[in-house]
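> If you want the building blocks of each chain, they are given just below.
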Amino acid sequence: MSTSSIRSTEGAKAPSASVGDTMPILEMRHVSKSFGGVKALRDVDFSILHGEIHGLVGENGAGKSTMMKIIAGVHAGFEGEMLVSGHPVHFRSARDALAAGIGMVHQELSVIPDLSVAENVFLGHQPVTSTGVIDWRRMNDMAREQIASLGLNIDPTTRMGSLPVGLQQLVELSRVLFSGAKLIILDEPTSALSPPEIERLFTVLRRLRDDGRSIVFISHFLDDVLAIADRVTVFRNGEKVITEHAAKLTKDSVISHMIGRGSANMHMGESADLAADDSKPIVLSVQQASDGVMLHDVSLTLRKGEIAGVYGFMGCGLIELARTLFGKNTLKSGTLMIDGKSIRFSSTSAARQAGIAYVPENRKMMLFRTEPVFKNVSIAILDRIHSILLKTGREREISEAHIKDLQIRPPRTDIALGNLSGGNQQKVALAKWLTHLPQVLILSEPTRGMDVGAKEDVIRIVKALRDRGVAIVVLSTEPETILTLADRVTVMKKGMVVKEFTKGHIDKSDLLAAA
Amino acid sequence: MTLADSTKSPKSGLKQFLSDQMRNIAPIFTLIILVLFFSVQSPVFFSVDNLLNILSNASITGIIAVGLTFVILTGEIDLSVAALANAIGITMAFFTVQPDYVNIATIPLPGLICIILTIASAIALGGVTAFGVTKIGIPSFIMTLAMMQIANGVSALLVRGQIAYIFPDFITLLGAGKIFGLRWSIIVCALLLLFAHLVLTYTRFGRYVFMVGGNREAAEYSGVNVKMIIGAVMVISAACSGLAGMLGVAYFGSAQQNGFDDFLLTAISAVVVGGTSLFGGRGGIGNTIIGLLVLGVLNNGLDLIQIDSFLKILIRGLILLAALVINVYAQKLKEGTAEA
Chain A
1 MSTSSIRSTE GAKAPSASVG DTMPILEMRH VSKSFGGVKA LRDVDFSILH
51 GEIHGLVGEN GAGKSTMMKI IAGVHAGFEG EMLVSGHPVH FRSARDALAA
101 GIGMVHQELS VIPDLSVAEN VFLGHQPVTS TGVIDWRRMN DMAREQIASL
151 GLNIDPTTRM GSLPVGLQQL VELSRVLFSG AKLIILDEPT SALSPPEIER
201 LFTVLRRLRD DGRSIVFISH FLDDVLAIAD RVTVFRNGEK VITEHAAKLT
251 KDSVISHMIG RGSANMHMGE SADLAADDSK PIVLSVQQAS DGVMLHDVSL
301 TLRKGEIAGV YGFMGCGLIE LARTLFGKNT LKSGTLMIDG KSIRFSSTSA
351 ARQAGIAYVP ENRKMMLFRT EPVFKNVSIA ILDRIHSILL KTGREREISE
401 AHIKDLQIRP PRTDIALGNL SGGNQQKVAL AKWLTHLPQV LILSEPTRGM
451 DVGAKEDVIR IVKALRDRGV AIVVLSTEPE TILTLADRVT VMKKGMVVKE
501 FTKGHIDKSD LLAAA
Chain B
516 MTLADSTKSP KSGLKQFLSD QMRNIAPIFT LIILVLFFSV QSPVFFSVDN
566 LLNILSNASI TGIIAVGLTF VILTGEIDLS VAALANAIGI TMAFFTVQPD
616 YVNIATIPLP GLICIILTIA SAIALGGVTA FGVTKIGIPS FIMTLAMMQI
666 ANGVSALLVR GQIAYIFPDF ITLLGAGKIF GLRWSIIVCA LLLLFAHLVL
716 TYTRFGRYVF MVGGNREAAE YSGVNVKMII GAVMVISAAC SGLAGMLGVA
766 YFGSAQQNGF DDFLLTAISA VVVGGTSLFG GRGGIGNTII GLLVLGVLNN
816 GLDLIQIDSF LKILIRGLIL LAALVINVYA QKLKEGTAEA
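If you read the protein sequences in the order shown, they are chains A and B.
Heads up, the first sequence is in our numbering, so the first residue is 1 and it goes up one at a time.
Heads up, the second sequence is in our numbering, so the first residue is 516 and it goes up one at a time.
Some hints could be false.
[What the hints assert, rightly or not] Straight-line Cα separation of at most 25 Å, SDA-like style, residue types lysine to any residue; simulated pairs: (1) K742/B x E478/A; (2) K364/A x M68/A; (3) K493/A x E478/A; (4) K742/B x I388/A; (5) K742/B x M365/A.
None of these hints come from the bench; they were simulated from the model.
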């Protein structure tokens, strides 16, 4: 560490950071980056201190991922300067970054479920004996030590896949640590975790910080960010808005920085007044449904013109429930009734013909990225347009109408879907079910990973559909989504319905407490 | 409007076009180069007679390739096509009166019934493959490998090492006959190609075939009966192979064990060389036609320039490898441009 100039405004240090020197471990100066003419980052200054947990927030497309990918060596070309411990560096690959002590844990885990925990920790550099054979004993001992240093007690010979996701994530984190990373970037580490798992992760992160490591914590979950971070940086439209001590921020102030306007109307999804109306006719109901794996005795009733919200943590059976309703998974026991008649779907095609529409949680599962927009819209209604011969003109007309209604940008039917932004792709995914109103609409995570503007559009569309009489079920792990949309709420836990809210005022803490 | 909401900037027009069309351009370019090369090398290559020769050689492969195009477009594969063609050709001979010196226990039937029964057996075998792939869930690669062996077994049992020479008159006409100097097999193949093209381009079923190949999961979550589509293409493939088998034995003038040995590789090569994506969703009958012509011209030209016949085998392998490289590379390019 030599003498390098830093901004003295960073002087006041975070409450629990045990660091005397405030020299940044990483400093980015005047960084700009553009992709094909679109500026993803504009002249951003950004620094991370030794021994701090640095929260990074911003809407999708605000530039935080781009910045992290530059830091982690994924994007090699950019304008501006990057200094690690005061020395200018230029990474050509993630390997270069790792060699300089910068590691990243991505949102999607890259563990191998069929290998043991120790093998995962040492993936690619297992210790070997003098004869070149893997030294299992040493590997297991070292892995145990490594994991214990995070305050965890996991048998290193356990099969990785048998651990809960939260522990898998910590094992992956220990792999990055083990490779010598001093600065660790965590991308959405809490999105798949339950509150106790989050608490455990936070304990580990605090311990690492106290050991002098630096952590960048990227998340959409502002509560988590404010709970763990020492300082928080907000990005908006490719620019850094502010870097501030977390203690001086509130969720409201962060949101207002993120969206750039007063946050008075941004209490969306914090609480809701439910008004379930049992006099509305039942369209679809499941009773005591079990699939033999994830779902146990799930009962759910969908009514005409009502949005039923189903909330639960990741892995609680939401996805399986949605698939079962759409005929993708089969029921082991229990009944599924539409308009009072018991029914069993042999395929998703049968479910569609019975008037059920499904938008899965992952857009890739729903859309044909290399196909033009109009083919994506028309796929679910082809048999209604004509039984044998295609009528492409009609398909385009229908698509154009949807594009206008849903304000899909750019307003063109013939470009490949992959050229649209995520929010617009989600609108296309909805559009395919809107030509002929479905009886039942199943929405799995309808607003996940979308920026605020697109989120509001989707919410408006879904509510309009409800008002036109569609029975809608929204399944989400995000309480805000449920509270914004639902007229009644069912909470699931480990494949079972644990709580139902039908009337009165509920807020986020009610949901979290129930799940 | 945020950054994420705006459209990503379009790639420069030419680059986009080339990466989009690479799978179509490369085979046409290859065909032109081959035609030029052989025209210079051999005085008889560039003539109407030789063209007809190339076409009639490609016609039986072409009929098999039609069915295979459907299968490969859905991202599946059918390795049983050649064995099935042979088994069906032999089945047809089995239902036809053979001369005394052919020592096969045949069940002679009237020509029309024989033809109907034979086509029905092809469809039935396709149905077995479809059942295995869609209902039981055996990967098509393995299922059709098993079907290949089963078809070979049927052939062996029916023909018992003998050779059959007599087929129903109508089939003999289509397989070996000519009209205005043009072989009927070329006409049948051309009509089938045309029909398949119309089905793939202008019908709902055709769209489903492409969409299932493009993203099977998305097709399923859009309420497309994916299993039905995959089952259907397996049956279509078997029916095409069966037809090829019937015309083929008439074309060769004999039905015997191993009669169609070369056709599996040639038919798959034709589809792939033509540029239909091995991952499904891209390509079509147009590509298969170019692929058939490339292989036809190559085989014919290599004969004409008197190349070492053992080298020919190697050259065909190398051409197939080159086509595979382009095929996979084109897929990556396409995905790359949709991503960025």
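> Flag every earlier hint the structure violates by its number, smallest first.
1
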